[in-house]
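Chain S is fixed; fit chain G onto it per the hints.
Top to bottom, those sequences are chains S and G. If you read the first sequence in the numbering used here, its first letter stands for residue 312, the second for the next number, and so on. If you read the second sequence in the numbering used here, its first letter stands for residue 312, the second for the next number, and so on.
Derived from the structure by calculation, the hints contain no laboratory data.
Intra- or inter-copy, both count: the list cannot distinguish identical chains.
Below, a list of computed lysine to aspartate or glutamate pairs in the DMTMM-like style, where the Cα atoms sit at most 25 angstroms apart:
#: 1; residue 1: Lys836; residue 2: Asp820
#: 2; residue 1: Lys318; residue 2: Asp379
#: 3; residue 1: Lys318; residue 2: Glu352
#: 4; residue 1: Lys318; residue 2: Glu333
#: 5; residue 1: Lys836; residue 2: Asp851
Protein chains: 2
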Amino acid sequence: MAERRLKHWGWGYEDQAPSRKELGEAAAGIGERLGFGGEVEEAVPLEAVEVRAPRLKVPAAFGDLFTDEKYDRVSRALGKAYRDVVRGFRGEFENPPDLVALPREESEIETVLSWCESEGAAVIPFGGGTSVVGGVEGRLGERPFVALDLRRLDRVLEVDAESLAARIQAGATGPGLEDQLREHGLTLRHFPQSFEYATLGGWIATRAGGHFATLYTHIDDLVESVRAITPRGTWESRRLPGSGAGPSPDRALIGSEGILGAIAEAWVRIRPRPEFKASCGVEFDDFLAAARAVRAISQSGLHPSNCRLLDALEAEMTGAGSGEKSLLVLGFESPHHPVDAPMELALEIARDHGGIHHPPTGRRRPNGGRTRPVDREEGAVGAWRNAFLFAPYLRDTFVACGVLSETFETAITWDRFEQFHAETMAAVRAKVAEVCDAPAEGRGAPRVSSHVYPDGPAPYFTVMAPAVRGGEVEQWDEIKAAASEAAIEGGGTITHHHAVGRDHRPWYDRQRPAPFAAALRAAKKELDPAGMLNPGVLIDP
Amino acid sequence: MAERRLKHWGWGYEDQAPSRKELGEAAAGIGERLGFGGEVEEAVPLEAVEVRAPRLKVPAAFGDLFTDEKYDRVSRALGKAYRDVVRGFRGEFENPPDLVALPREESEIETVLSWCESEGAAVIPFGGGTSVVGGVEGRLGERPFVALDLRRLDRVLEVDAESLAARIQAGATGPGLEDQLREHGLTLRHFPQSFEYATLGGWIATRAGGHFATLYTHIDDLVESVRAITPRGTWESRRLPGSGAGPSPDRALIGSEGILGAIAEAWVRIRPRPEFKASCGVEFDDFLAAARAVRAISQSGLHPSNCRLLDALEAEMTGAGSGEKSLLVLGFESPHHPVDAPMELALEIARDHGGIHHPPTGRRRPNGGRTRPVDREEGAVGAWRNAFLFAPYLRDTFVACGVLSETFETAITWDRFEQFHAETMAAVRAKVAEVCDAPAEGRGAPRVSSHVYPDGPAPYFTVMAPAVRGGEVEQWDEIKAAASEAAIEGGGTITHHHAVGRDHRPWYDRQRPAPFAAALRAAKKELDPAGMLNPGVLIDP
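The following block holds chain S by itself, in its conformation from the complex:
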């Protein structure tokens, strides 16, 4: 059987690409629904893509560890941001890796690092390639580079059912590791939007945000120990439930985006598959009243597994509402006990803030049952969830028919949220109106949903607007710059879970403490004196 190949641009596998006819039908539907979007254009096929000749020669000594095949290079040249999908669609792969390395075992990671160091080449660690911040795009000028793709290191190596932890290789994808854990009745339950393709190593390197809206929001909290290969040796922490021995070595690697070493594997905390669940959608007339309900719930100590607030427009777009009301998606789950009682307490808070809801959907399913995120859920909650996971697929179609569709996200404490939200929305709306043929409010305007902490929310904004064909990248970059400026000026973070990469650098540089940047630069120089690991990400030499 031929290996199923990922598309060389955009989201998903080659066999998932819609036909010309399907695209035409989709474009018509999109136009009707959004009020914008035009004729379907066709993506440049791989055969027609022109790509720079590799500046490195595949070394003969290492068998098939390295490859310079066109498909392999092109499909690792870009991440999955809107600006990446647009460029891939148009066949613009300006910075393909010169070689791709596909190690089968950890020692081969060391081989790649030492060979590249001797060649003066850079190395970009590559997981699922789902970066939306230019994290895997080698904008390195004349310096040749290798994409170090870890997908062959995809095994769950050990499961400790007693401690509820597993040792998993960095290249395991969401479905890949969940399939292996399912045999043990266990699950990581880390479900970012990139779940299907992204890898554990990528999640750790980028501090990915997952399924849980409270408590275990970031992969950070699920990591028990990390093993990384640096140019100066193996960095492996002890496997411990907790420690107070100096600054956490794991926290130094978590979010390091490949600049200190290539993550080879990690022990992560897993859990029994949830047996008890309850979910409920709560509607609010007023978005800010709904946000206050979210604050009260997040500060109650009830720890919902899902607590996402969709504004009216976002709710409508995901098919979860009529466009009149904000929708709070609430969920509780447990492998151990019924969750009706905490759900009822949370709904009581929601009602106190003006929320209206149907009775929650509660259910108990036998442990071991399939609880993949692609399972269908009913009603408004299910509509949101399906839209969440389908969105990246749909975006390829949006690009084809001239619809701009992208997201950005941040976080802020509650005391500043209302003003921050208003100002960020205003800044982005104004820029959208300026650079798009679209109204400032309603259709085409930004929408918002979020993760949530006791001390503040992590609002997630979506922009949909008519694209300027051929100028999509510049168009979005202007909107994104306005959004980033508003987030940083307003006291937020440049990213809650999308990482920094290269695209967020100007604003990240303003966010981080200067002495921390100096410390990180010194640490990198110590471990990577050649400055070969993912140069330009997070810091400059």
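Chain G in isolation, oriented as in the chain S frame:
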């Protein structure tokens, strides 16, 4: 009113020191209870302490910022480990700071750092001085040093009741900051054993473990942002509920033990005072069965605020048991909803593992009521709690009457716990039997209690034995070395919440990943090129 002064050795204030008569009575009671302990000896009074002349001259330019008073220097010369208390008791203050600096504002911290850098002096940031790992003891040979005592920076500067966070100066003690938060009906609820004297800055610098046995065990999880003064500028992170922008700058400072900078203030997460509480003691015949109950509870997602298991000997020593049964101390609390239901679920698990208990003590008290840890609680749970907080006071008396009394702690995943616990106990018992005139089991033998995580417990061991008078330090150091060796060899951490300091260094050096040590050393060199900040702690230059 004269300022109330802390004792120049041992625990607490000068006016809390027992009289000669009280000491005699206590010694008799201790001897009766423990079966060992001898005549009361007297501590060397401050007047009789001989102390090295200061090697630095108080600079005239900075008013009363610096002092070379004997009391000030002696009382900052040692931490509060058993080996410190013994030496203080005997008047042995080998390494007093040459000067003590007591800044009243942040700019004076900068003054101290720059003056010390110009003088070639070292600086040891000093909070409550409750280190039990040699973290504040300047074993620096010929190099003069200044104790940078932050106690005058003790204010809660801002309270954000909406986000539930407060900006607090580093020198605020537990009672000091709780008193200020109480005016707002809020609390940090971080209650380590050092609560009465230790400071927020010290907790952050050492990754202190607090009141909560699950979820928010370390101060790490309560920190929203940190502001530290480094020799190369101010390191201040943004105040954010969550962020994915690079490795966490806060996590790099948390646990840095003063080697990167002096923590000046932090935003920390606070909460409404708990209104609903339930607590219960559960007895088990078998310690390991009890440990399995703890594992099941910690993996249930019920998140008890207290879930401490005392072995039979520990339970007896704290007056919470007869010495026949292990005691599980279970507590739930919430500012928002009754906690009887989760308590009942946890007790059901405990019963499934053979636990026997009386009905839990539930209560609701008006928010704003006093919930200081010194409140009396009834029954076995209250006995444990009172003993926990009284222990450091009692130790001064133990030292006076020749009783060795000290603790050590670690953490390990559940899969290795039973063997690890057995081997650590065996190693320590053997060493206690070798260096103490005491039996290997029963009275005098080590005892254990713990924090607990879903993936493993943090066992806390106590050793009580007859002291070798005049040789206490060497005696304990031998036991501690055996314990540390067992912890590190067995795969545990050298410390769960006591920090590394100077005393844990040999084992910490084996625990931490070598590349991380190299990175930390490089980072320190960048920020502190003179190597003046707490030299010898965590790393060598």
